[in-house]
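Q: With the hints as constraints, model all of the structure from the sequences given.
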Amino acid sequence: MKLTLNEDTIRACRTDAKTIVDDLITMIDKHSTVSVERTILRLLGIDGVNDFDIPFVNVLVDHINDHADLSKGVSHYLAAAVKDTKLSPQAIAEKINASTLSLKPYQDVETDMAVLMPYIESTLEAINKQKATRQTFMQSRQTDQPEKYVIVATGNIYEDIEQAKSAAKKGADIIAVIRTTGQSLLDYVPYGATTEGFGGTYATQENFRLMREALDAVSKEEGRYIKLVNYASGLCMPEIAAMGAIERLDMMLNDSLYGIIFRDINMKRTLIDQYFSRVISAYADITINTGEDNYLTTSDAFDHAHTVLASQFINEQFAASAHMKESLMGLGHAYEIDPDMENSFLYELAQAALSKHIFPRAPLKYMPPTKHMTGDIFKGTIQNALFNIAAVSTNQSIHLLGMLTEAIHTPFMSDRALALDNATYIYKAFKDFGADIEFKEDGLMNTRAQDVLSNAKALLDTISEEGLFTTLEKGRFAEISRSPHLGKGLDGVFEKAPSYKNPVIDVLIKQLKEGDTWL
Amino acid sequence: MKLTLNEDTIRACRTDAKTIVDDLITMIDKHSTVSVERTILRLLGIDGVNDFDIPFVNVLVDHINDHADLSKGVSHYLAAAVKDTKLSPQAIAEKINASTLSLKPYQDVETDMAVLMPYIESTLEAINKQKATRQTFMQSRQTDQPEKYVIVATGNIYEDIEQAKSAAKKGADIIAVIRTTGQSLLDYVPYGATTEGFGGTYATQENFRLMREALDAVSKEEGRYIKLVNYASGLCMPEIAAMGAIERLDMMLNDSLYGIIFRDINMKRTLIDQYFSRVISAYADITINTGEDNYLTTSDAFDHAHTVLASQFINEQFAASAHMKESLMGLGHAYEIDPDMENSFLYELAQAALSKHIFPRAPLKYMPPTKHMTGDIFKGTIQNALFNIAAVSTNQSIHLLGMLTEAIHTPFMSDRALALDNATYIYKAFKDFGADIEFKEDGLMNTRAQDVLSNAKALLDTISEEGLFTTLEKGRFAEISRSPHLGKGLDGVFEKAPSYKNPVIDVLIKQLKEGDTWL
Amino acid sequence: MALIRPYGDTLNDGKIQLSFTLPLPCDALGEETAKAFAHKMGIENVSVVHSEALSEGYSYYIVYGTLTHQVDPTSLTVTEVETTAMSKEAIEAYIDTHFDRDLVFIGASTGTDAHTVGIDAIMNMKGYSGHYGLERYKHIKAINLGSQVDNETLLSEALKHQADVILISQTVTQKDVHIQNLTAFIELLEAENVRDDFIVIIGGARINHALAKELGYDAGFGPKKFAFDVASFAVLALHEKKKVN
Amino acid sequence: MALIRPYGDTLNDGKIQLSFTLPLPCDALGEETAKAFAHKMGIENVSVVHSEALSEGYSYYIVYGTLTHQVDPTSLTVTEVETTAMSKEAIEAYIDTHFDRDLVFIGASTGTDAHTVGIDAIMNMKGYSGHYGLERYKHIKAINLGSQVDNETLLSEALKHQADVILISQTVTQKDVHIQNLTAFIELLEAENVRDDFIVIIGGARINHALAKELGYDAGFGPKKFAFDVASFAVLALHEKKKVN
Ligand code: B12
Ligand code: B12
Ligand SMILES: Cc1ncc(COP(=O)(O)O)c(C=O)c1O
Ligand SMILES: Cc1ncc(COP(=O)(O)O)c(C=O)c1O
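Chains as they are written, first to last, in our numbering: chain S, 1 to 519; chain Y, 1001 to 1519; chain L, 2001 to 2245; chain U, 3001 to 3245.
Among the hints, erroneous ones may be present.
[Unchecked claim] Okay, derived cross-link-like pairs now, BS3-like style, lysine-lysine, Cα gap no bigger than 27 Å in a straight line:
#	chain 1	residue 1	chain 2	residue 2
1	U	LYS3160	U	LYS3141
2	U	LYS3126	L	LYS2040
3	L	LYS2175	U	LYS3040
4	S	LYS496	S	LYS83
5	S	LYS30	S	LYS18
6	L	LYS2224	S	LYS169
7	U	LYS3224	Y	LYS1169
8	S	LYS371	U	LYS3175
9	L	LYS2213	U	LYS3040
10	L	LYS2040	Y	LYS1474
11	S	LYS513	S	LYS129
12	S	LYS2	Y	LYS1440
13	S	LYS474	U	LYS3126
14	L	LYS2224	Y	LYS1371
15	Y	LYS1428	S	LYS440
16	Y	LYS1030	Y	LYS1488
17	Y	LYS1474	S	LYS2
Simulated from the structure, these hints should not be mistaken for laboratory data.
A: Take a look at the structure:
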């Protein structure tokens, strides 16, 4: 089953996307953000919160911002203080919190990043150990069919664990812990094990650890590695990427465009954050999941199919610019065409085949019907079955299972089990279906795929001319308009001083460039 | 979407099947049965029951059997009595019931069938009026997709009507009223409106009339003719065919092989009955539904797929021998492969395409999953959806909808509604799917279809050598073995006397041969 | 005491799903009536998530809510066949040791019921789901009369073959036709004064042990039960009976 | 008095379907417990048609049975918005006739809720399902603040624009977060002594009029409600209020 597409058009789309992204890299290079700085601190080994539940990394960045010049970067202050006090970054953070130390005196000293290297290396070593563990686990894993991905979203990490274990037993390959509604707008990462979230559970390092531990146990029982997913998104994007690297998450939802459009996060802020977060994920061998599928929850999936494709091209270049391998690019797309539309399945199948054709080595993230799900759980079961057919016939990689109760509540344990049963049945029944049929050369599906591709090309041409900021302002994605001068988190963006240093990213990129991420 | 099949093999199968059927026609021609005789009486206009609820047609046949020589046929006695008494057949029947008349005296008189012609003609006129009415109704009907067929089976004709109306409103094209468990073994047809059946409702002429009336009303409301189905099967096969012709049923389950195998009805009896019943249906423009799909409820659907195909070839010849047009041959097949089997959908699609390829003008009756349905109504919903995909992609004609509660109870109103919603959704979503794909030349599906065809050919070769009776004795269909000397109803079979007459069938066949069934 | 409730995503949250049809038009009153039924059932936070007209006077509802009832599972007794199931080989050995002759099992799908797959699953050679049927058991003579066998015929055949065990399959249960038919058979045995001459076992998709006991049978087996389950029970029960007599 | 029951295939047969999970292993006791819950709910002839292990300690059941409860629909009262809905044109004419100025509607998806499709469906030009949104209405000034708007911001914007009507959308309802958020807004209005200055209307997939009234709002609208439903209610309520003041 292969589409007939114009390969020149595909190449031209990639060229456009590269132009679009290159255009922003300059801006990104010139700036840093409070969350980037907090991420550096985390990677230097700083962890924990103070008595007011404020993370030490926030305390430190705020301290520098209030009392010194943050534009030099936290590394400058830490390098100076470590050298001067001989204390570890963690001890320094605690002293600052206790107001028994100030970094102001170091504002104008000369610094040498070398003193920080042992701390960075120790973190990278921990990350590499996690990568090795994952590698060992993964040896036992089949990869000839899409990986079944389900979410847990009870709001309580301990219930989440129960739900995740049940899902794994019923065949899930990947568990995503959904975040509570408010977290993405918090400019700090909550701390510790949590039991009180709405529509999801707080992303904390302890929650990551608890879930990873539980899933490792199930992985051993089942003889099958169960992957863990969370969200490196929102105002703390790179910090969470770092936490995920340390706690061996396997995938991270990670897409600035999602935050800009659906969370009203400032575009500069999140694009800068995203760059660092993707470098970290690239290093830690964490697959990212991008979010263009979400455009179809506000825009019509048939009319706006090309916007998703265009965005996938852009996200591919964003990831490449952060030294990410294709095998980590979980580009998003979705099965969201109105089920009342004639030939809806044909258009969905064409779209799924199109994504796969264009990004053959990327582990595409394929989202289920959500928008057109209703309280009719029987119809919903069928919508999900059709989606599953499209997923297995076009051999998608990351297969987010649809829930029959999508329109009602975050999934119950049984909803997830039924979703897994649905997918397992379809995988079996349609095992070689994709390989056993051909698209008619001038058929509806082939023609549709060609149309979507050429519309995406036209859109990418426009964007490469006007620039991504203008595109977002014009609401070309998801029909939601955002201004570069508005949005949450803008106040956390700053221009780097000439002497600004980020020794962590330098090491990461160096190793990524050398293909030497395996110490 | 077209299979690559050897057309010579297909022709050879037809030749075999014709040999098999021709072999039996000789036996059929030599015999009659009590139900054939009762059918003649019904078509002569005799109706009603006596005080013990025994139909007058039974009273009459029993009377002749007890007091005279039935081998001459009821027509002989009726012709003589009508001529002699100047009474109508109905009046004669009533007098015999009251023991105020005996037919014994007519045993050896010479008779002329001409006196019966007015009665026969008046019945045929009524039937032709029904055909014309149907024709008018049918003008308003779309036929570009399978017709949605659902069953009602409450046991109570008035509840059945409620259920049928609801089904029609939800999109059903065809309503079948299932019969109560015991009826097929009754050697008489119950009378009047009934409310007490188990797993189905009695097939009575009044029930036919009530339901047809209700459906005509809905047809008008919906601007869409709703077809009605019942069972010309069991020991009263031809009588019910006659009742259906009179009351404008549109389809009849009608297959001796089903009765032999699953009801233990004697094979001679039911083959003789079937011949007459098919002539009647052919005349009345009633589509028959054959039952080879049922083999797969006792035999494995993958291993025994060819037995269904072989049986379709045989049923085609049985129908042709009764002067039936291809457009009335609703040959049966089914979606019954174990859902636990790898590539089950591919094999089902291949089989459905195979039937369609071989019988392109026959309105194939496509049965849903039944055997592998379980109490898991969500899985059942998916099984039915896959079946619906196969139905619409291969453009089946008569599409029996699967019920999510198949394993639990005869359908509730809501079960049927969900089944109709399921089919409606799939028809729309997959509208042009079949036309938009091709089977891979050497693919799984093409190969499978070729295998099934050649296995069917081998089986037909065997049957044409050993004869159908031996085949049934050896249990080659449904793995159930039946002897020609056993089974219910054998005592109702008799050899025709040399003077035996059946003026009704003569008229019907004459008109069918002349293609002159439209007076 | 360990009271529990249904579980959605938090222990004892009581989450439950219902669906049903009402003989009412599909409108606000229909929905309100659906809620009223849910309330009567002890459900709170009732949410009618879907409603659909089935025809003018009927409507269908899908409902979610929180069940307030609690149950203590430890207080419940399970009515199930209590004998532990033996393997085919163990059963054969058991008969060999405990009886001085082969045992006769006679079976049928009775009344107007034409379903044979169930009784065949238990009796025929090939069995079902990989478990051989009784015909393949050494020391068991299995006689399968097929379907549509009336009660009188079954009994006379059982007497004729001096059966030890009678097996009855019932698949059609609409309007409780199986109850009527099964009750009639027990009454027939009693009228003929032969109830104690046989171990009488029933089976079918909607049959369970509790129902069998209620109707006066020795045991009842539903789905996912195979020849070895039935034979295990039967040989032990026959041995028990022999000891008593 | 017209008592009814659910309907399967015979009037008042009471047929009903349930499904739920129990925090128990999938075994005979689990099934018995499932039946016990059904009994407590007033269901007879309980049939557990499917059971499935979800993990060691959890199991899922699908149950059919006969509900014994009866309900008299005529005894129920439906809590629904009572004003009859007018068309867009009628609403525009009504404002023209009954008010001497344009009316201001301000709306938002509040709290941490980021769902805008619902509020956009009511307010934006293009509307939803073929029904134009308030922005397209003559004589209505519609101000849509978007999502993730906190209660304080919403109120201060409403005061700033001298809004007549405040529209709040709530989509996320897990652990009753919407109840908390909606209650907080009413308390804020009361604390600021401005509750009576506005008609305050809520909406969302799990919102209904009964809930809105309970929480102290003027009206609530759920799925399948459009701009004209909301505007009809609002203009009539505003006119009513004008008369009273
Ligand atoms: C196959 C089938 C048929 C075949 C039967 C072929 C045959 N030779 O048996 C055919 C097509 C002929 C048929 C016809 C009818 N059927 Co039918 N059929 C089915 C079907 C699809 C499967 C049944 C089956 O074979 N199950 C597999 C066997 C192995 O399971 P089982 O019987 O439960 O047996 C197991 C246990 O219960 C136990 N067991 C069973 N018997 C016994 C006996 C003993 C002693 C013991 C110890 C154990 C035991 O052991 C077995 C192995 O574990 C079901 C639907 C379904 N999916 O369940 C409908 C179903 C049973 N049929 C039904 C009906 C109504 C009919 C008809 C009456 C319809 C009609 N009016 O024409 C007819 C007529 C039959 C009649 N007079 O009885 C209904 C019954 C509804 C109800 N609950 O009352 C069902 C549920 C379908 C439906 N939803 O409407 N049917
Ligand atoms: C689209 C969507 C999204 C989009 C939203 C895009 C956007 N800009 O709005 C995205 C992808 C961003 C999203 C994100 C999330 N979502 Co969401 N989402 C949905 C989805 C698929 C459709 C909702 C929708 O648009 N419906 C269409 C509109 C038109 O319907 P409506 O809102 O009911 O509006 C109608 C009426 O209710 C009424 N109405 C609505 N508001 C108002 C207001 C007034 C004043 C009036 C009068 C009337 C009115 O009028 C409308 C027209 O009739 C639903 C599932 C579903 N199929 O319902 C899940 C769903 C709502 N989401 C859910 C969740 C949990 C989330 C997340 C919190 C998940 C997470 N942790 O990341 C996030 C974060 C959002 C947050 N912080 O709030 C849950 C909520 C569960 C619950 N009941 O609590 C749902 C039900 C999915 C699920 N089963 O888990 N989501
Ligand atoms: C790419 C991406 N990021 C983030 C989110 C939402 O997570 P949060 O709002 O918690 O960042 C989603 C939700 O679907 C997403 O697709
Ligand atoms: C061809 C055919 N005839 C008859 C029947 C059953 O009807 P009855 O037993 O009432 O004749 C079936 C049932 O599926 C059938 O397929």
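Q: All hints are to be evaluated individually against the structure, with a verdict given for each.
A: Evaluation of the provided hints:
no., hint, verdict
1, LYS3160(U) x LYS3141(U), "14 Å, holds"
2, LYS3126(U) x LYS2040(L), "43 Å, violated"
3, LYS2175(L) x LYS3040(U), "24 Å, holds"
4, LYS496(S) x LYS83(S), "23 Å, holds"
5, LYS30(S) x LYS18(S), "19 Å, holds"
6, LYS2224(L) x LYS169(S), "22 Å, holds"
7, LYS3224(U) x LYS1169(Y), "22 Å, holds"
8, LYS371(S) x LYS3175(U), "22 Å, holds"
9, LYS2213(L) x LYS3040(U), "23 Å, holds"
10, LYS2040(L) x LYS1474(Y), "58 Å, violated"
11, LYS513(S) x LYS129(S), "20 Å, holds"
12, LYS2(S) x LYS1440(Y), "12 Å, holds"
13, LYS474(S) x LYS3126(U), "17 Å, holds"
14, LYS2224(L) x LYS1371(Y), "14 Å, holds"
15, LYS1428(Y) x LYS440(S), "19 Å, holds"
16, LYS1030(Y) x LYS1488(Y), "20 Å, holds"
17, LYS1474(Y) x LYS2(S), "48 Å, violated"
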